[in-house]
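Engineer: Here's the letter readout for the chains.
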Amino acid sequence: MRNFELPGLPERSDKPRESGITMVMDKGLSLRQAEDLVSVSDEYTDIVKLGFGTSLLTKELNKKLDLYHEAGIKTYFGGTLFEAFIVRDMFDDYRRLVSNLKMEYVEVSDGSLQMPHEKKCHYIKELSKEFTVLSEVGSKEAGLIIRPNLWISMMSKEIECGAWKVIAESRESGTVGIYRPNGNAHSALVNKILKNIPNDKILWEAPNKSQQAWFISLLGPNVNLGNIAPDDVIPLETLRIGLRGDTFKQFIPLKH
Amino acid sequence: MRNFELPGLPERSDKPRESGITMVMDKGLSLRQAEDLVSVSDEYTDIVKLGFGTSLLTKELNKKLDLYHEAGIKTYFGGTLFEAFIVRDMFDDYRRLVSNLKMEYVEVSDGSLQMPHEKKCHYIKELSKEFTVLSEVGSKEAGLIIRPNLWISMMSKEIECGAWKVIAESRESGTVGIYRPNGNAHSALVNKILKNIPNDKILWEAPNKSQQAWFISLLGPNVNLGNIAPDDVIPLETLRIGLRGDTFKQFIPLKH
Amino acid sequence: MRNFELPGLPERSDKPRESGITMVMDKGLSLRQAEDLVSVSDEYTDIVKLGFGTSLLTKELNKKLDLYHEAGIKTYFGGTLFEAFIVRDMFDDYRRLVSNLKMEYVEVSDGSLQMPHEKKCHYIKELSKEFTVLSEVGSKEAGLIIRPNLWISMMSKEIECGAWKVIAESRESGTVGIYRPNGNAHSALVNKILKNIPNDKILWEAPNKSQQAWFISLLGPNVNLGNIAPDDVIPLETLRIGLRGDTFKQFIPLKH
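As you go down the protein sequences, you meet chains A, B and C in turn.
So the first sequence is numbered by the numbering used here: it starts at 738 and just counts up by one.
So the second sequence is numbered by the numbering used here: it starts at 738 and just counts up by one.
So the third sequence is numbered by the numbering used here: it starts at 738 and just counts up by one.
Because the hints were derived from the structure by calculation, they are not lab data.
Please note that a few of the clues may not be correct.
Same chains, same label: a pair holds when it works inside one copy or across any pair of copies.
Simulated crosslink set (DSSO-like; lysine-lysine; CA at most 27 Å straight-line) [to be verified]:
id	residue 1	residue 2
1	811	932
2	986	856
3	800	752
4	811	856
Only chain A is shown next, with the shape it has when bound in the complex (with noise of 0.2 Å):
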């Protein structure tokens, strides 16, 4: 829905979207605060993360995932949380309780745990048996360098054990794994990833706008990016259509 005309805007795919995602962090919303990003982005909002294990402890969750479905957006609970729960040696519970949830997407990432990586493919093959599995590469630690052959392997490896998505890590802060500590890409590393990896099988995250500007400019407007505050879900859009000062030029339209 557009409230007036303006042609010759860059196309933009429909959800579901297979590519152009949208994916946002809830940190523990209200209700109604959830009804806000709805009524305002449902269109442009395609996955909501509940973040690390924040939905522990928000109330009325069951609410806010029937809320969130009912607007046609997929939800999953961070990886932390994923990761406390195999910790504790608890996977079954934690299928369980994704399942009990009628959630249809599930992250499986070592962010915060060692895992042998013989391991992590394991959880996103059992997972991906009933669920759309995003499996996230990268560590959370701040300085933390993984070389890119590296990156590259583990991608190929977990898309081929059945991940949906691969994320990127960036954290909330977007200062660690494709991003240096001051929050600029890490442009040999994202382009060598783009050599062997399909650019839709990537979920960026990139919390801040100059980090979405920078993919947007490599990638388009339909590249996939993720941990997106709710209230930049509107500004991103117009980012990705060359309506904001960072992508005007890019998206002038050829003949005028």
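Add chains B and C to chain A, keeping to what the hints say.
Structural biologist: Then chains B and C, alone, in the frame of chain A:
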């Protein structure tokens, strides 16, 4: 309305204000979030800018415009939307759009789009026949320095052509135009401008608290400030009357 | 209330808490925004500070105070408002105001106003006859260093005079008082304070996530933390129980 008596506070102007204006940036608030803003800050909010191109996408736009209108708050589209119409040769469509939505204010800018200054002035003249015009000076480009003399000549020319106020650009981030990349004001530039342009004719974009405090220290409680986040309207109002640490000392009543 | 079972989480204190307190900064929330906070975070919110002078201006103040009261949340005015009354020689008016509004807590501070320490102690003594007093130590001025011995002697004196807790100042920005301008804690200062003042008597202002994680790492899940943004209460609670990356490793259960 004040909840209790506190004598000796600096005098504040009342709505409708010619100086001491607070312009708020709405980046796609839901209708209910806009109601929240109005319910607590209507007395202190003079103008709401529907930031950049967000108004194309935000649902219930008409209801939101009505809400602001009934609360005595003027509204206008961010300049980037104006430029998106201009780059498509759709000036008349833009004018009709603003008119059909019964918006009384309009921004003319060239932050993302190069245009000869005579052309910008032409738009200001044309639009000021029908609307109250705010024109914006200063590029959105980081690192691009405009010489003080050019700021001054553009500002005077635009006021001459009918601009009600000229806006000194900072972007939402507060790091370009009148600010250095670290967010500090270019004080020499600001002072040169103030020697040549009446302060009341300028609306300073000042998204960050330190920038707001800096301008209040320099120009008093009734300086015009813009790009204020919705949740910062009340905090800004306390800065204006010396009820926050940053400006407390400036406004201690003399006789006590 | 927790949405599912997860064994081996660190023990958290319950309301009304003497330690493990979360103090939230309300900078002028609308009534409905305050309802959002209460609806999702009432169990984890012990105290709400109506920041600096915002309570003079916020509409529906009485309804908001009632809302917090019914949710078992204590409220008090930011210290800057206290100082604004003191600088006007209106101590009795301040006391009456707090009393008339049926607020049970009150802050005594000297962050913006120089006052002899005996005078500050006098106010603490007087107010503690009627209210629960929080007194704040540490200047709001950037770069101003208070020697550790002075922190300690002021804190002990203020507790002796009747302060229920002493607040270690950081401002909303987290860059003064117990923090360096870059936001890192002055750890030597903190450690010296802790050798002399019982940890449970101190409420550490810690507006940023890294500061919250730092104090939880040092002092465990039940450290008193303040100046928490409303939307950060749930995220902070996950930090306290090891369900966020930053404190995950600290709280891995031993036997698994």
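Engineer: Which constraints among the numbered hints does this structure fail? Numbers only, ascending.
Structural biologist: Violated hint (a single one): 1; every other hint is consistent with the structure.
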